[in-house]
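Peer 1: Each chain is listed here by its residues.
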Amino acid sequence: MEKKEYKKIVDRHKPTETRIQNAIISFLIGGLVGAIGQGLIDFYSKFLDISSKDASVFMIVTLVFIASLFTALGFFDKWVTFAKCGLIIPITGFAHSMTSAGIEYRKEGPIYGLGMNIFKLAGSVILYGIVAAWLFGTIRYLLMGGM
Amino acid sequence: MTYKYDNVYVGGYSTVVGPYEKDGPLSKGFDKSYDNLYMGEKTWEQAEVRLLTDSIDILLKKVQKDKKNIDLLISGDLLNQVTSSSYAALKFDIPFFGIYSACASSAEGIILGASLIDGGKIKNCISATSSHNMSSEKQFRNPTEYGAPKPKTATFTSTGGASIYLTKDKTNIKVESSTIGRVVDMGQTDPFNMGAVMACAAGDTIYKHLKALKREPDYYDLILTGDLGVYGKEILIDYMHTEYGIDISNNYDDAGTMLYDLSKQEEVMAGGSGPVCSALVNYAKILPKMERGELERVLFVPTGALFSPTFVYQHENINSIAHAISLEAVR
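In order, the protein sequence lines correspond to chains A and B. Every position in the first sequence, counted from 1, becomes a number in my numbering once 3 is added. Every position in the second sequence, counted from 1, becomes a number in my numbering once 45 is added.
Each hint should be verified, as a subset may be incorrect.
[Stated by the list, open to error] In silico lysine-lysine, DSSO-like type, Cα no more than 27 Å apart, as pairs:
id : chain 1 : residue 1 : chain 2 : residue 2
1  : A       : K6        : B       : K195
2  : A       : K11       : B       : K195
3  : A       : K10       : B       : K67
4  : B       : K334      : A       : K81
5  : B       : K113      : B       : K219
6  : B       : K256      : A       : K10
7  : A       : K81       : B       : K195
8  : A       : K17       : B       : K197
9  : B       : K213      : A       : K81
10 : B       : K136      : A       : K110
11 : A       : K6        : B       : K197
12 : A       : K87       : B       : K183
13 : B       : K197      : A       : K123
14 : A       : K87       : B       : K256
15 : B       : K197      : B       : K183
16 : A       : K81       : B       : K67
17 : B       : K253      : B       : K113
18 : A       : K17       : B       : K87
19 : B       : K197      : A       : K81
20 : B       : K309      : A       : K87
21 : A       : K110      : B       : K113
22 : A       : K87       : B       : K197
23 : B       : K256      : A       : K11
24 : B       : K87       : B       : K183
25 : B       : K197      : B       : K113
26 : B       : K195      : A       : K123
27 : A       : K10       : B       : K215
28 : B       : K197      : B       : K106
29 : B       : K87       : A       : K110
30 : A       : K11       : B       : K197
31 : B       : K309      : A       : K7
32 : A       : K11       : B       : K213
33 : B       : K256      : A       : K7
34 : A       : K6        : B       : K253
35 : A       : K6        : B       : K256
36 : A       : K10       : B       : K197
37 : A       : K123      : B       : K87
[Unchecked claim] Just so you have them, the derived chain B footprint on chain A, three or more residues with Cβ under 8 Å:
id : stretch
38 : 41–48
39 : 70–80
40 : 102–115
Just so you know, the hints here were simulated from the structure itself, not pulled from any lab data. These numbers come from a predicted model, not from an experiment. Heads up, the beta-carbon is just placed ideally off N, CA and C, and yes, glycines get one too.
Take these sequences, add in the hints, and give me the full structure.
Peer 2: In structure tokens:
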């Protein structure tokens with residue numbers, strides 16, 4: 004049998020994924036995380052009497068801490084399986100990817116385990132985040148003269 | 046490559062499982078189960094070694110043999126360098142072959158052992174296999190706490206150790222014949238649809254087995270594939286019909302769909318997988334049925350996806366293999 008024909012058989016028996024349902028769940032949970040983030044910014048800027056720029060740093064630290072804590076307590080992976088990109092795309096996903104890798108590889112020691120593997124999933128985010136920041140920063144500098 | 050055996054028998058078998066398998070429908074058939082995925086060990090890898098050593102220990106007790114009287118230990122698993130098997134073998138001091146056919150490893154072990162016994166080189170052997178959900182996830186996919194969403198076609202690596210004792214001394218189950226499969230590539234690249242990757246290999250091996258021995262599918266009371274899962278099972282039935290004009294739907298089942306309760310245990314998605322999956326179902330359900338006289342002839346066809354993350358990232362297809370073993374109840 005040709006590979007093309009086999010692919011037809013495989014496609015005949017492929018279940019339809021609930022994409023719309025997944026998208027709605029991700030949208031709602033992702034939005035909720037965003038709303039919590041905004042709530043934290045308002046909270047910190049009001050009660051700590053700091054600028055909203057400083058408050059947003061506090062917000063990021065808070066969300067990263069909560070996500071890492073929940074990963075360490077062992078139930079955040081189940082939340083991620085349910086909420087999908089709703090929790091993976093926000094900063095919670097970044098924290099979760101590092102903490103889960105850290106938990107997994109700490110048994111191979113601090114250097115060859117934890118150190119070499121903690122960015123296993125987050126490494127791509129950091130690399131392409133920096134590349135993208137450089138690219139858009141350059142465009143902004145050229146078009147707007149650094150404004 | 047198909048050939049028959051004259052004097053190879055199944056002298057005993059043993060199964061040890063983790064919590065997910067214990068919650069499944071075959072719970073009563075297992076010799077030992079653990080409620081915790083660490084099995085009292087510190088790491089997932091050591092837990093897998095524990096499962097394997099437990100299953101060999103239990104088997105030695107069941108067949109009342111001392112390890113000194115076992116001629117050969119053959120074992121295969123999924124971990125890099127077949128390490129679960131070699132670390133388990135270290136504890137038994139039995140001459141050892143470490144093998145790899147991914148999830149078809151149990152079949153490779155039985156075929157090698159049976160061939161050596163039939164050729165008169167050894168009197169008996171143990172063929173063992175293991176897999177662990179967490180050690181596999183860690184090696185092949187993401188950290189176990191990551192919990193990345195998976196499509197419905199994904200299968201769930203089963204946790205357990207399973208061993209079978211083959212001997213030239215007559216018992217009530219005979220290893221009748223076997224077919225060594227070939228590596229098959231049908232252009233599949235999705236590591237979350239291993240059923241589709243392996244169904245073609247199963248089809249190829251089943252067809253060659255039936256053709257070589259001039260048998261019809263209904264010669265067997267049951268044809269049992271390894272770990273195709275719900276969708277792979279459908280693909281195989283369709284493939285056998287389309288490619289060879291053979292209808293196997295009457296007496297065919299897949300171990301991946303039998304190990305768990307697919308309606309209740311939703312985390313297993315399309316079913317069980319891993320080298321131990323087919324062995325667990327065979328040793329905990331099928332062989333006992335043969336001993337009780339409920340099944341007479343069974344074609345056992347474990348299927349393996351020869352999957353390497355490195356090769357897939359280099360845009361190579363995922364290859365697969367399946368070996369077939371014909372088991373017969375002796376009256």
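Peer 1: If a hint holds in the structure, say so; if it doesn't, say that too.
Peer 2: Hints versus structure:
Note on K6 (chain A) and K195 (chain B): the hinted pairing holds, with a Cα-Cα distance of about 25 Å set against a maximum of 27 Å. Under the criterion of a C-alpha separation no larger than 27 Å, the hint pairing K11 (chain A) with K195 (chain B) is consistent with the structure, at around 22 Å. Simply put, K10 (chain A) and K67 (chain B) have alpha-carbon atoms about 36 Å apart, too far for the 27 Å limit, and the pair is violated. Distance restraint check for K334 (chain B) and K81 (chain A): the Cα-Cα separation of roughly 38 Å exceeds the 27 Å cut-off, and the hinted pair is therefore not satisfied.
Restraint check for K113 (chain B) and K219 (chain B): satisfied, since their Cα atoms lie roughly 24 Å apart, inside the 27 Å limit. Between K256 (chain B) and K10 (chain A) the alpha-carbon distance is near 25 Å, which keeps this suggested pair within the 27 Å criterion. At most 27 Å may separate the alpha-carbon atoms for a hinted pair to count; K81 (chain A) and K195 (chain B) meet this at roughly 12 Å. Taking the CA atoms of K17 (chain A) and K197 (chain B), the gap is about 9 Å. The hint holds against a cut of 27 Å.
The hinted pair formed by K213 (chain B) and K81 (chain A) fails the criterion: a straight-line CA distance of about 50 Å is larger than 27 Å. Straight-line distance between C-alpha atoms of K136 (chain B) and K110 (chain A) comes to about 23 Å, which keeps the hinted pair within the 27 Å bound. Proposed proximity of K6 (chain A) and K197 (chain B) is supported: the alpha carbons are some 23 Å apart, at most 27 Å. The hinted pair formed by K87 (chain A) and K183 (chain B) meets the criterion: a straight-line CA distance of about 19 Å does not exceed 27 Å.
Taking the CA atoms of K197 (chain B) and K123 (chain A), the gap is near 25 Å; set against the 27 Å cutoff, the hint holds. For the proposed pair K87 (chain A) and K256 (chain B), the alpha carbon gap of about 48 Å is over 27 Å, so the pair is violated. A C-alpha spacing of about 20 Å is found between K197 (chain B) and K183 (chain B), which places the hinted pair at or below 27 Å, so the restraint holds. Our distance criterion of 27 Å between C-alpha atoms is met by K81 (chain A) and K67 (chain B), whose separation comes to about 21 Å.
Distance hint between K253 (chain B) and K113 (chain B) is unfulfilled; the C-alpha atoms sit about 38 Å from each other, more than 27 Å. Distance restraint check for K17 (chain A) and K87 (chain B): the Cα-Cα separation of roughly 39 Å exceeds the 27 Å cut-off, and the hinted pair is therefore not satisfied. At roughly 16 Å between alpha-carbon atoms, K197 (chain B) and K81 (chain A) fall within 27 Å of each other, so this suggested pair holds. At roughly 21 Å between alpha-carbon atoms, K309 (chain B) and K87 (chain A) fall within 27 Å of each other, so this suggested pair holds.
Annotation: proposed proximity of K110 (chain A) to K113 (chain B) is violated, straight-line Cα distance about 35 Å (limit 27 Å). Taking the CA atoms of K87 (chain A) and K197 (chain B), the gap is about 14 Å. The hint holds against a cut of 27 Å. With a CA separation close to 26 Å, the supplied pair K256 (chain B) and K11 (chain A) stays within the 27 Å bound. At roughly 15 Å between alpha-carbon atoms, K87 (chain B) and K183 (chain B) fall within 27 Å of each other, so this suggested pair holds.
Of the supplied pair hints, the one linking K197 (chain B) and K113 (chain B) is violated, its CA atoms being roughly 47 Å apart against a limit of 27 Å. A hinted pair counts as satisfied when its Cα atoms are at most 27 Å apart, and K195 (chain B) with K123 (chain A) qualifies at roughly 19 Å. Taking the CA atoms of K10 (chain A) and K215 (chain B), the gap is about 46 Å. The hint is violated against a cut of 27 Å. Taking the CA atoms of K197 (chain B) and K106 (chain B), the gap is about 41 Å. The hint is violated against a cut of 27 Å.
Of the pairs offered as hints, the one joining K87 (chain B) and K110 (chain A) holds, with about 8 Å between alpha carbons and a cut-off of 27 Å not exceeded. Among the hinted pairs, K11 (chain A) with K197 (chain B) is consistent with the structure: their alpha-carbon atoms are about 18 Å apart, no more than 27 Å. For the hint pairing K309 (chain B) with K7 (chain A), the CA-to-CA distance comes to about 35 Å; that exceeds 27 Å, so the pair is violated. In summary, the hint linking K11 (chain A) to K213 (chain B) is not supported, as the alpha carbons are separated by about 46 Å, beyond the 27 Å threshold.
Restraint check for K256 (chain B) and K7 (chain A): satisfied, since their Cα atoms lie roughly 25 Å apart, inside the 27 Å limit. Only pairs whose Cα atoms come within 27 Å are accepted, and K6 (chain A) paired with K253 (chain B) is accepted, the gap being roughly 19 Å. The suggested pairing of K6 (chain A) with K256 (chain B) holds, with an alpha-carbon distance near 23 Å, which does not exceed 27 Å. For the hint pairing K10 (chain A) with K197 (chain B), the CA-to-CA distance comes to about 18 Å; that is within 27 Å, so the pair holds.
For the suggested pair K123 (chain A) and K87 (chain B), the alpha carbons sit about 22 Å apart, so the restraint of at most 27 Å is met. For a cut-off of 8 Å, the count of residues in the stretch 41–48 of chain A with a CB near a CB of chain B stands at 0, and the three-residue condition is violated. Chain B is given as covering the stretch 70–80 of chain A, and this holds because 4 residues of the stretch bring a CB closer than 8 Å to a CB of that chain, at least three being needed. Remark: the stretch 102–115 of chain A is confirmed as covered by chain B, as 7 of its residues place a Cβ nearer than 8 Å to a Cβ of that chain, reaching the required three.
In this structure, the earlier hints numbered 3, 4, 9, 14, 17, 18, 21, 25, 27, 28, 31, 32 and 38 are contradicted, and the remaining ones agree with it.
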